[in-house]
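Asker: Take a look at the letters that make up each chain.
There are 2 protein chains.
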Amino acid sequence: MPAYTFPVNIDDIKDAHNRIRSHVYRTPVLTSSTFDQEYGAGRKFYFKAENMQKTGSFKARGALNAILMLERTKEHIKGVTTHSSGNHGQALAWAANMKGLKCNVITPKDTPEVKIRSITHYGADVTLCEPTPTSREETCKKVAEENNYDSVPSSDHYHIIAGQGTIALEFLEDVPQLNAILVSASKGGMASGVAIAAKALKPDIKIFIVEPDEKELEKCLRAAMRLWPDPPRFVDTIADGIRIQQLGNLTWPIILNLAEKEVLTANNDEIIKGMKFACERMKVLIEGAAGAAVAAAMSSRLQQIDDSLKHVGVVLCGGNVDIDNLPWYK
Amino acid sequence: MPAYTFPVNIDDIKDAHNRIRSHVYRTPVLTSSTFDQEYGAGRKFYFKAENMQKTGSFKARGALNAILMLERTKEHIKGVTTHSSGNHGQALAWAANMKGLKCNVITPKDTPEVKIRSITHYGADVTLCEPTPTSREETCKKVAEENNYDSVPSSDHYHIIAGQGTIALEFLEDVPQLNAILVSASKGGMASGVAIAAKALKPDIKIFIVEPDEKELEKCLRAAMRLWPDPPRFVDTIADGIRIQQLGNLTWPIILNLAEKEVLTANNDEIIKGMKFACERMKVLIEGAAGAAVAAAMSSRLQQIDDSLKHVGVVLCGGNVDIDNLPWYK
Numbered sequence: 001m002p003a004y005t006f007p008v009n010i011d012d013i014k015d016a017h018n019r020i021r022s023h024v025y026r027t028p029v030l031t032s033s034t035f036d037q038e039y040g041a042g043r044k045f046y047f048k049a050e051n052m053q054k055t056g057s058f059k060a061r062g063a064l065n066a067i068l069m070l071e072r073t074k075e076h077i078k079g080v081t082t083h084s085s086g087n088h089g090q091a092l093a094w095a096a097n098m099k100g101l102k103c104n105v106i107t108p109k110d111t112p113e114v115k116i117r118s119i120t121h122y123g124a125d126v127t128l129c130e131p132t133p134t135s136r137e138e139t140c141k142k143v144a145e146e147n148n149y150d151s152v153p154s155s156d157h158y159h160i161i162a163g164q165g166t167i168a169l170e171f172l173e174d175v176p177q178l179n180a181i182l183v184s185a186s187k188g189g190m191a192s193g194v195a196i197a198a199k200a201l202k203p204d205i206k207i208f209i210v211e212p213d214e215k216e217l218e219k220c221l222r223a224a225m226r227l228w229p230d231p232p233r234f235v236d237t238i239a240d241g242i243r244i245q246q247l248g249n250l251t252w253p254i255i256l257n258l259a260e261k262e263v264l265t266a267n268n269d270e271i272i273k274g275m276k277f278a279c280e281r282m283k284v285l286i287e288g289a290a291g292a293a294v295a296a297a298m299s300s301r302l303q304q305i306d307d308s309l310k311h312v313g314v315v316l317c318g319g320n321v322d323i324d325n326l327p328w329y330k
Numbered sequence: 001m002p003a004y005t006f007p008v009n010i011d012d013i014k015d016a017h018n019r020i021r022s023h024v025y026r027t028p029v030l031t032s033s034t035f036d037q038e039y040g041a042g043r044k045f046y047f048k049a050e051n052m053q054k055t056g057s058f059k060a061r062g063a064l065n066a067i068l069m070l071e072r073t074k075e076h077i078k079g080v081t082t083h084s085s086g087n088h089g090q091a092l093a094w095a096a097n098m099k100g101l102k103c104n105v106i107t108p109k110d111t112p113e114v115k116i117r118s119i120t121h122y123g124a125d126v127t128l129c130e131p132t133p134t135s136r137e138e139t140c141k142k143v144a145e146e147n148n149y150d151s152v153p154s155s156d157h158y159h160i161i162a163g164q165g166t167i168a169l170e171f172l173e174d175v176p177q178l179n180a181i182l183v184s185a186s187k188g189g190m191a192s193g194v195a196i197a198a199k200a201l202k203p204d205i206k207i208f209i210v211e212p213d214e215k216e217l218e219k220c221l222r223a224a225m226r227l228w229p230d231p232p233r234f235v236d237t238i239a240d241g242i243r244i245q246q247l248g249n250l251t252w253p254i255i256l257n258l259a260e261k262e263v264l265t266a267n268n269d270e271i272i273k274g275m276k277f278a279c280e281r282m283k284v285l286i287e288g289a290a291g292a293a294v295a296a297a298m299s300s301r302l303q304q305i306d307d308s309l310k311h312v313g314v315v316l317c318g319g320n321v322d323i324d325n326l327p328w329y330k
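From first to last, the protein sequence lines stand for chains A and B. If you number the first sequence the way the working numbering does, the last residue is 330 and the count never jumps. If you number the second sequence the way the working numbering does, the last residue is 330 and the count never jumps.
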């Protein structure tokens, strides 16, 4: 382990696991001999099916942990709010509903009806805003102040990071021989939690971040500097869960220190190929952000970076995709 | 247990499980709180995900058991053959390939290219025939005789029945509280194996057969007579895995004695609704035959038949569906 002490450690993640485990699924780890034959080049791949998690993505873990921690530290919670057009909004609504808390999710105007329905399905209110990162932040702040709600960000929050890190606890318990994990990153809540847990349990394991083309994390990691444009912008990708071009302020130092400098990227065609493989051969529906991780597993770059990796884990982070508009039909 | 002794018993099924378990997946059991809320009426449903089995369906279990038993009882096996347009052909090709045996699958001329590819993918030969049950039987017999191959039928065969019965062993081990299982039937290999195992382990459990509309198994069960037209015909359904309108000669007495007289049926719209629910909410791809079982679980008829059932198992038998032509896109 590096000498640096992170503000979230393996004990926080183990505590989070004890806190949430009876409410979330222990998702299965899938393998595919066809995948290994076609893309393995001698390696074996293991897919952690967080698409089959409650609410259809890993976000249920972090959102629930954050709410349970809030209950521990605060006497009266009036409600919770967040901004999200997708998985985190749904996860927070689900977790709040389970604990009998009010919830208001700030959502961009252009969010598809189907995503709004999956938030309101859990009894949460939805407040529409302009489709920009700035408007989302500001509207969320306003809703929190007006209602005296606690704001629960999607990624850049210690309890969220600890919750998402539980993925790696289960993954390494089920597949202790893993020597690398491929994990998609947007603001990096999942990637940083997974990195902390995995590196604590197995210091030699390598964590490779996956992102869509154009996001330039590799450049930042190599320079050890946040080189992204400000305010953060959305890149153009079908992997809508990972389109924001900036890690969070809390997640950045964790990923800078624990992840490999080589970042695996995928374009839309590669992402669709990953999604199709999962659907056709593994019989699971995954969203673009997970398709990007499958694409990274298929890529020759991974092999070029390190051909000694024999057991590679891939996080299938979510499965929330509109089944009436699957991207290969377009 | 009824006094009648079946030619396949629980010990055969346990032996089959020991024989095949290291080569097939122990498929996960899925639950959905949304399903239970919307359709449960106080019951909990458990879905055994055989769509995620090797080769994409439960057929891998029976085909492998049949080949392993053949190896035990016969000194020189030249190869194996069967007629199948789908899952059994693929499963036999896979099992033969694993054991280094030649395999020839008889397939109707009108079989989609994608299904033929999944058979040849495992190195098997394909022989085309007319798209009628009679031509399939005759061509298969001819290929077996000419090549001195052993014929391995898809369903009506004791080793196949024993192999498929292993589904119920795992299901009841994982969910011992089950008090009913819904299982689709075509010729009844899976349904009879599941019924024998489940009833042996838990005599009070109820086995409900699921089939497409028009197949009239319920009429036959109530009359205790094979009332189907001869030769067997294919009914018009999108559940192509269960479209043949006749149980086998070996499976019929088993199902007649062990299954409930009430047969649950589903039409195409209901089957599609079941498939869409599985895809959208549970994130798994299932084929029509499995969609029919989900539709049966959704049906009000099940509740009307017996409102005391609290824990109901549903076998998601397969996931081999053309993802470029999902039925809800038509």
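Source of the hints: derived by calculation from the structure; they are not laboratory data. You may find that some hints are simply not true.
Cut-off 30 Å, straight-line C-alpha distance, at most; resulting in silico cross-link-like pairs (DSSO-like, lysine-lysine) [said to hold, decoys possible]:
| id | chain 1 | residue 1 | chain 2 | residue 2 |
| --- | --- | --- | --- | --- |
| 1 | A | Lys44 | A | Lys109 |
| 2 | B | Lys44 | B | Lys219 |
| 3 | B | Lys44 | A | Lys115 |
| 4 | B | Lys44 | B | Lys99 |
| 5 | B | Lys99 | A | Lys109 |
| 6 | B | Lys219 | A | Lys310 |
| 7 | B | Lys273 | A | Lys115 |
| 8 | B | Lys109 | A | Lys276 |
| 9 | A | Lys78 | A | Lys44 |
| 10 | B | Lys310 | B | Lys219 |
| 11 | B | Lys44 | A | Lys273 |
| 12 | A | Lys44 | B | Lys99 |
| 13 | B | Lys44 | A | Lys102 |
| 14 | B | Lys219 | B | Lys202 |
| 15 | B | Lys44 | A | Lys99 |
| 16 | B | Lys99 | B | Lys74 |
| 17 | B | Lys14 | B | Lys276 |
| 18 | B | Lys276 | A | Lys273 |
| 19 | A | Lys276 | B | Lys202 |
| 20 | B | Lys141 | A | Lys99 |
| 21 | A | Lys44 | A | Lys202 |
| 22 | A | Lys115 | A | Lys276 |
| 23 | B | Lys141 | B | Lys74 |
| 24 | A | Lys102 | A | Lys78 |
| 25 | A | Lys44 | B | Lys219 |
| 26 | A | Lys219 | A | Lys202 |
| 27 | B | Lys276 | A | Lys115 |
| 28 | B | Lys310 | A | Lys276 |
| 29 | B | Lys14 | B | Lys109 |
| 30 | A | Lys102 | A | Lys74 |
Asker: Identify every previously stated hint that the structure contradicts and give their numbers, smallest first.
Answerer: Hints 1, 4, 5, 6, 9, 11, 17, 19, 20, 25, 28, 29 are the ones this structure does not satisfy, whereas the remaining hints hold.
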